[in-house]
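There are 2 protein chains.
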Amino acid sequence: MSSDRQLFDEMPKPTSTPMPVDLSKYSKRVLLKTILDRADGGLGLIDQRVVVGGWVKSSREVRKDSPPAAQAPVGSDAKQAAGGKDVKCVEVFQSRIPFLRTIIKVFGGNTAHTKEKLESILPKVAAPAISILQISDGSSISSLQIIVDSSIAPPSQLMPTGTCILAEGVLQKPSLQGKHALELKAERLLHVGIVDQDNYPLSKKGLPLARLRDCAHFRPRTTTVKTRSSLSAYYSFSEIIGWVRNGWVIARNGFGSRGYLLLLDVASVMKIRNGLNQASHNFFQNHGFIHVEVPIITATNTGGLPGIFQVSTSRFSAKEHKKEEPVSMDDTKHIDLETIKLSIAEKSKKVEELKRSDSNKEALAAAVQDLHKTSLLAAELEARSKSKSRSKSKTENVKEDDGFFSNQAFLTTSGSLHLESCASALGNVYAFGPRFQADKSESKKYLAEKWMIETEIAFSELEDAMNCAEDFLKFVSSWVSENCYENLYFLSKRVDKTILDRLNSLASTVFEKITYTTAVEVLSKVTDKTFETKIQWGVALTEEHESYLVDEFYKKPIIIYDHPKELKPFNVRLNDDGKTVAAFDVIIPKVGALIRGSQKEERLDHLSKRIKELGLRKDQYEWYLDLRKQGTVKHSGFNVMFDVMVLFATGLNDVRDAVPFPRHHGKIHN
Amino acid sequence: MSSDRQLFDEMPKPTSTPMPVDLSKYSKRVLLKTILDRADGGLGLIDQRVVVGGWVKSSREVRKDSPPAAQAPVGSDAKQAAGGKDVKCVEVFQSRIPFLRTIIKVFGGNTAHTKEKLESILPKVAAPAISILQISDGSSISSLQIIVDSSIAPPSQLMPTGTCILAEGVLQKPSLQGKHALELKAERLLHVGIVDQDNYPLSKKGLPLARLRDCAHFRPRTTTVKTRSSLSAYYSFSEIIGWVRNGWVIARNGFGSRGYLLLLDVASVMKIRNGLNQASHNFFQNHGFIHVEVPIITATNTGGLPGIFQVSTSRFSAKEHKKEEPVSMDDTKHIDLETIKLSIAEKSKKVEELKRSDSNKEALAAAVQDLHKTSLLAAELEARSKSKSRSKSKTENVKEDDGFFSNQAFLTTSGSLHLESCASALGNVYAFGPRFQADKSESKKYLAEKWMIETEIAFSELEDAMNCAEDFLKFVSSWVSENCYENLYFLSKRVDKTILDRLNSLASTVFEKITYTTAVEVLSKVTDKTFETKIQWGVALTEEHESYLVDEFYKKPIIIYDHPKELKPFNVRLNDDGKTVAAFDVIIPKVGALIRGSQKEERLDHLSKRIKELGLRKDQYEWYLDLRKQGTVKHSGFNVMFDVMVLFATGLNDVRDAVPFPRHHGKIHN
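Residue numbers (my numbering), protein chains in the order written: chain A, 1 to 670; chain B, 1 to 670.
In isolation and in its complexed conformation, chain A is listed as follows (with noise of 0.2 Å):
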């Protein structure tokens, strides 16, 4: 049962000895939020003893003999401290124990292993020391300080940032000048998760920084990554030079530029996201909207967008398909089934005759089975002729059946057309869950799996859904900026100062309504700058276009309705002068587009004639027809592209940062 990694794991269990402070309700411990978020900074339990766990974010030794004075100053701003001897855990190991590490090297194999045998045969290598840890739990922005004498546990096996520690102790005042206003001084390890630095990409100096979101898997558990200054054009081509401290590194480009970069705390972001998260649902819960699940797996096109995923359970190839196809279908066994269809009507009766005479039980049993077998053979039938007329209609170019699903899957790209079909029935309705894209795009806002927020309101036109967009903005911005503001305030000073500026402005602004010609006039009007794509009417409002109008022209929030409708899909209602459609794009600062909403089409004629123009399969369309043909209902409604409203409240740059495993062309790794 024992291991060697598990060298803490048969400790005693922590002692009965009452603790006044709250446990955690699912585990056994504090959480630090607990000691840390008080109003006192946790002055008032000062002398208390708590089980408290985490991950060492950074630390430092101390040699016993060393005087305390000698550290480095702790506390002071990031900047400021760019050349401060708060070191990294593996510099400590190099450089303080260079020859330990050469005999592990010798040793070869795993390094902890090895080094834990070191330490038996070397028991008195290192001088009396202790260790200095920073830990979090990602319960609060804060880490608590733990100290750790050495003869609980060597230094350098809880040093490295990444280090899982789980410690009973007594909390108390600062023995180090600090920041800090208490520290728990650890009296036992109750489990110690090591670190394997030679295997650790997030220990390394030298890591290209794009390799942090291919290791997704590390990235909560540590840091996530906001470029500075002119590192951000080359990103991945940058080198980390140098430690700072709270997370800022020195790095450099491929260029040779020298720039900050923040390792930032990826807890907050995943925070705020939570918060815009719940913040959406009430909105929506609050306003009688019914959050209703829409389909991933979809037959239909939705979007009509090319660049979607298939979704499949094998190869086929299109012969070994036919060959599992029943044999061919012709209109004479078709009309076999309406035959049987009609024995079985004549069938039924008998047995319900049977029945009522009660007079012969063998002959009715009988009876039932033929008709339980003729029915089957119906089913059946009728089952074959249906996919049968499915694949009639295929095109060449696309994936065969795979045989799980009698038609072609795709991963959905927007939930919208079922929504709609939600909303004739429940009113008002929202989706929360992600949407897929195969896009070969490197754009800073495209995920391949991104998430949105899509609501469909019954009898509503576009203003409507404009007003809706509008007040679910403000709703989202003032609830995050309440609920959300220690996260906030603690990115704002590390990452984008405007933050809370921006979100506040965004609640109380009025948006600015404008029409797509009336956006064409504004930019065709402008001398002061070149945009790189001309404007026309007709074209499609880039970013660039999009920013001019909203950071420099109507300085607020804007909403450009009434598109031609060439640029919006097939499903927008058509406007009475039969060239713009009644769409909308709520454009915001900092991001561009952030909700794109539009008054669908209710009137049958409009829309077979849209599908039939953009020569779209109307077979993939038919149920969404069907809702036109049958109650058809004027309705409206918008989605959010909810990665990039947290690239809004979080300051970040590019929305892979902003989910925990972000999926996009090329990558994949867990």
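Where hints are given, some of them may not hold.
Where chains are identical, the list cannot tell them apart; a pair therefore holds if satisfied intra-copy or between any two copies.
Cross-link-like lysine-lysine pairs, in silico, DSS-like; alpha carbons within 25 Å at most [unchecked claim]:
id : residue 1 : residue 2
1  : 474       : 25
2  : 474       : 28
3  : 629       : 57
4  : 513       : 25
5  : 513       : 28
6  : 629       : 28
Hints were generated in silico from the structure; no laboratory data involved.
The hints should help you fit chain B onto chain A, whose structure is shown.
Okay, now just chain B, sitting in the frame of chain A:
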């Protein structure tokens, strides 16, 4: 612009008469709940002018010359009214104006279109009459009675179930005897979305019930199906042979047996589902859990199950793919990459020097460009060599790379592995999202696309997760009983009278916790019952076993833990006995297993051994093993089958009726 389907589209907009009743915020109408769900049932609003919208749920026609008393009494119980005269619109249509129908048939083509033409040709065919419509807009359980004179619109146009109506009128005391406290006398119809009865599956009499699931796009609009009595066994062969009221029908199955079926108000099911969703979020947010979005597309066969969906953008045969692969990269070339990296370092140094010297701008520019080219080359070589090393590890029986993702991509079967990565940073996390499994199962608890709540708790053990799961179920049951009482009560009167008792009992009973071994012992001693699967240690408990334990032996919800390791996923923590693992299942009345959880194996050697034993592809789990190598932590969690929870709360029997668009083998139409 004008369309023959948009008869009412060009009608005048509602007047600006002030409406004292609150308008729905994002549509210019009054939600029915604003009227019907008032404490006084809406009586205080008599004489108010309102605009309301909704879909016709049922209807009847009254000739102006016939006395109202001649009508069937309204409001009696469903079963009692089985012989009532509340005829279905289709019957009205056929019986009262058969000659009109014949003429329409002769015209052929679009029925609705033809009908309108007919009405202009034969304007006085029908005698003066009024339509009495029950409309519902999804906001309230109750429906509103609307009276429309045939001078406003012919009954034949308004009466089909599913017709969409937006009407302005005055609320008044009911003009006819009945259960309604008030009704709306329509003065104007602002919109009518007609129903084409010939093609509307829900208006047909002989509709096979299974077809309802096939036309899922209409199901949210109208009804979902609940079987009663003996019919359920032969569900798909049942025929509706008579209409009752309140959604009840008389049906006959393939064996000729008759029974009642309930066409259930889908809004109640969807609202309870929505309530369960809200309650779940509330529970986790209240306890400081952070919601994270785990990936849907994954490179890991999460859960290690067979029947996984693959994701691709296009079809490649292995041969085609080979052609696209770059020329083989041998070790010599790999050394090239190292050489290039060294050269980059030198070139970077040169750029730095040139910068510092600040002498020759052209030389600097050239050096920078040179460096950039080399960096790009290095990046490309690295990417190719990575792709090569990955393709080496591929097995033969799976699909080749398709060019979008760098390796095989699957639809996730479980978010648990990724969630563990997040828990190892954020402490307590949960996810709510779709999970996939390609199984040809016909089980009533199986969906190819199901929604799951998953949670993971750092620094926690089996017992913590079991306590959390129990608390979760208690909280959710109690929250839903309180907040969805109306919908639950509605269903308890129609589908399953034990719904509310069941929820209350779940919320208040202490769950029995027993080991798998105890469960086997109890079952072995059963003498009054023979199980289909003979019980013995090591065999998975069947639904029959679980049901016996919950319903007959303990008579309360149970948690069975410490299962044989062979019965649980590879990543469950091995117990000290070496035979069992720290897994648990929560079994509750009616639906059986609802939650499955476990403490995860945090020890690297045990986990690696298990992966090897089970023959899993280690390359897919490298990232997951990393979590054990670097700062491993004890953690546990569980997953909730959300769709099954909906069955528990609504009394439905099949998960395919608990989601708007069910996905399972062979069925995908939208």
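Up to 25 Å CA-CA - residue 28 versus residue 474, copy category:
between (40 Å within a copy, 21 Å between copies)
At most 25 Å between alpha carbons: which applies to residue 474 and residue 25, within, between, both or neither?
So residue 474 and residue 25 pass the 25 Å test across copies only (15 Å; inside, 35 Å).
Please sort residue 629 with residue 57 into within, between, both or neither, judging by C-alpha distance up to 25 Å.
Intra 61 Å, inter 17 Å, cutoff 25 Å: inter-copy only.
Taking 25 Å as the upper bound on the Cα-Cα distance, should residue 513 and residue 25 be classified as within, between, both, or neither?
between (49 Å within a copy, 19 Å between copies)
Same-copy or cross-copy closeness of residue 513 to residue 28 [CA-CA at most 25 Å]
between (54 Å within a copy, 20 Å between copies)
25 Å Cα threshold - placement of residue 28 relative to residue 629
between (60 Å within a copy, 23 Å between copies)
When each numbered hint is compared with the structure, no violation occurs for any of them.
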